[in-house]
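Student: First to last, the sequence lines map onto chains A and B. Going by the numbering used here, the letters in the first sequence line up with residues 4 to 115, in that order. Going by the numbering used here, the letters in the second sequence line up with residues 264 to 574, in that order.
Honestly, the hints are just simulated from the structure, not real lab data. Built from N, CA and C at the ideal position, the CB exists for glycine as well.
Listed below are the simulated DSS-like cross-link pairs for lysine-lysine, each with C-alpha atoms no more than 30 Å apart in a straight line:
1) B:Lys-333 x A:Lys-71
2) B:Lys-306 x A:Lys-10
3) A:Lys-10 x A:Lys-41
4) A:Lys-73 x B:Lys-333
Looking from chain B toward chain A, a few residues come up when the C-beta cut is under 8 Å (computed):
5) Ile-314
6) Ala-317
7) Asp-320
8) Thr-324
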Amino acid sequence: MTAAHYKLANVCALVDYNNLQIDGKVENVIGLHPLSDKWAAFNWHVINVDGHDLEQVLAAYDEAASVKDKPSVIIAKTIKGKGVSFMENVAGWHGRAPKPDELAKALAELAN
Amino acid sequence: MIMKPTRDGYGEALLLLGESNPDVVVLDADLAMSTRTNWFWEKYPERFFDIGIAEQDMLGTAAGLAMGGKIPFATTYGVFIAGRGWDQIRTTICYANLNVKIAGMHGGISVGPDGATHQALEEIALMRVLPNMHMIVPCDAIEGRKATLGASQVSGPVYLRFTREATPVFTQETDEWQLGKANLLRAGSDVTIIGCGPVLYEALLAADELAKEGVSCRVLNMHTIKPIDADAILAAAAETGAIVTVEEHQINAGLGSAVAEVLVKHNPVPVEMIGIMDTFGESGSPEELAIKYGLKQKDVKAAVRKVLGRK
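Full structure from sequences and hints, please.
Tutor: Structure representation (structure tokens):
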């Protein structure tokens with residue numbers, strides 16, 4: 004509310020929207036849908052992107068910089084743990100670090 | 264006796280700082296008329312930010328302003344800023360040791376008719392537990408002004424506790440004021456009364472009456488709760504052998520506890536504590552409440568008599 008009221012156009016927020024929280028899927032814990040409408044209702048300029056598509060993300064930053072009368076938010080849809088088969092979309096990985104053997108396996112998968 | 268609320272000293276100091284330091288900015292949370300930040304607002308509108316009823320947002324915004332090199336004074340009622348904003352004060356401001364000044368108005372039960380929800384009785388406890396924080400409780404409007412100016416000279420977070428009611432102005436313009444250094448209000452040898460805030464005036468009245476009854480009371484104004492003046496406390500313990508603490512705050516974890524923490528490690532003389540006895544307040548006139556909750560001269564006298572009996 005403050006950023007919009009004071010027209011802080013040089014503020015840009017980024018939501019890593021992976022739909023997981025510690026207790027499970029966000030929509031099953033306390034749903035955020037429709038997240039874009041919520042930000043828009045607070046008078047922010049909203050940009051939706053695929054968070055794994057860096058060209059889309061960079062274009063979104065350019066768009067945010069071009070908006071001069073309100074703050075911007077980039078809602079980047081992502082998959083948590085993407086690229087590591089045993090981590091993808093598993094809420095349990097929110098708050099724990101991989102053990103050495105898990106780390107080796109994850110790094111090997113990411114290198115491929 | 265001139266009567267004036269300590270918050271007026273805050274408003275006056277902000278005007279002085281507005282003129283002397285262009286980096287000083289002031290934030291409020293929809294209470295500018297009550298907190299006296301409206302005086303600064305009228306004179307320096309480009310350096311005043313009303314954040315609305317959003318204390319946590321105000322503290323985060325103040326943190327950002329401090330990171331940008333400003334000296335922000337974030338201001339609203341103590342019950343809102345110290346309680347609701349504690350997480351932002353702890354993790355955003357104190358952890359990063361940011362140069363944010365926080366002013367909590369309307370501390371204590373003397374807020375009166377607004378009742379328990381608005382009577383901040385916990386700020387000393389909440390603030391003095393935080394690393395990097397400084398905690399100050401001015402006793403009158405003159406000290407309120409000096410403490411605010413002093414806070415602006417400190418690098419790092421400071422919490423200033425102010426009060427609503429017009430109360431006696433009993434310090435002098437010429438009195439020296441230094442952060443972390445207690446001021447001697449009465450010399451004495453039988454017992455020491457250590458207090459903070461406007462309730463100290465009741466301690467002075469008690470000391471003057473006790474003097475007539477042959478009891479010599481030292482009275483210390485412990486305006487800075489953190490860092491506490493351990494030297495003054497230990498000198499009082501060694502030279503008078505008994506301590507009474509006086510505060511308009513919860514008896515647990517407030518000034519009395521801070522004094523006791525020093526004493527118990529070095530020289531555990533008998534202590535009696537005057538304060539709110541682990542209960543919430545209620546609606547009433549400030550005078551009615553001070554009587555009911557035991558914050559008057561007679562209560563201080565009784566505590567002195569009791570502690571003398573334990574020497």
